[in-house]
Amino acid sequence: DAGITQSPRHKVTETGTPVTLRCHQTENHRYMYWYRQDPGHGLRLIHYSYGVKDTDKGEVSDGYSVSRSKTEDFLLTLESATSSQTSVYFCAISESGWSSYNEQFFGPGTRLTVL
Amino acid sequence: AQTVTQSQPEMSVQEAETVTLSCTYDTSENNYYLFWYKQPPSRQMILVIRQEAYKQQNATENRFSVNFQKAAKSFSLKISDSQLGDTAMYFCAFNTGNQFYFGTGTSLTVIP
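So the protein sequences, as listed, match chains A and B.
So for the first sequence, the working numbering puts the first residue at 1; every next one is plus one.
So for the second sequence, the working numbering puts the first residue at 1; every next one is plus one.
Everything labelled a hint here was simulated from the structure, so no lab data went into it.
Since this is a predicted model, take the numbers as computed values, not measurements.
C-beta atoms are modelled at their ideal positions from N, C-alpha and C, and glycine is treated no differently.
Any given hint might turn out to be false.
[Said to hold, decoys possible] Here's a subset of chain B near chain A, in silico, CB distances under 7 angstroms, partners left out:
#	residue
1	Met45
2	Phe100
3	Phe102
4	Thr104
Given these sequences and hints, build the entire structure.
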């Protein structure tokens with residue numbers, strides 16, 4: 001199994017509070033991704049990174065920010081959580097991302113509930 | 001726009017039978033790669049099979065095979081000799097440029 005961990009695994013928070021989710025990898029893969037998974041929507045890309053300090057927006061980036069100061073860590077921040085951000089969040093990594101045969105390896109997911 | 005459509009939200013199959021999950025996609029790119037991922041109740045995403053779009057030969061991995069029709073932009077997954085452990089959500093995806101695009105998933109239940 002690819003070495004990807006996410007923390008926390010579960011979190012309950014209140015509307016308006018900041019939340020940071022952490023993804024940590026031990027594979028030294030260049031690409032890292034944050035997705036959210038919701039019923040009826042599958043997996044939707046929030047942000048991704050193609051190197052240290054290199055990030056870009058995905059399909060559903062509003063209300064989220066990311067940072068990558070080290071190859072192994074990719075942080076997802078909800079500056080002011082809303083109930084619509086209640087979801088399961090997955091981190092994924094890939095050795096190469098550009099039109100690649102390389103698969104994405106996924107972390108175990110974080111279940112976030114915003115009350 | 002890049003889209004992936006899985007038109008079967010739920011399916012069921014008897015153990016040891018064969019089932020086919022459908023997937024269509026839309027892209028204007030010529031260079032892309034296609035994937036099927038499995039998500040069992042444990043929630044862990046697992047790669048099932050992948051296909052290079054420029055290869056006409058359909059990929060196979062043990063009991064799993066695909067029917068790739070590039071002109072129709074169709075990428076269906078066939079599971080032969082279904083097993084109880086195949087019960088999961090299945091996602092079709094493709095990779096082009098810097099991103100992966102996922103369908104909404106098909107929930108497959110294997111009935112003993």
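To see whether the hints hold, each was checked on the structure:
| no. | hint | verdict |
| --- | --- | --- |
| 1 | Met45 | holds (4 angstroms) |
| 2 | Phe100 | holds (6 angstroms) |
| 3 | Phe102 | holds (4 angstroms) |
| 4 | Thr104 | holds (4 angstroms) |
When the structure is compared with the earlier hints, no violation turns up for any of them.
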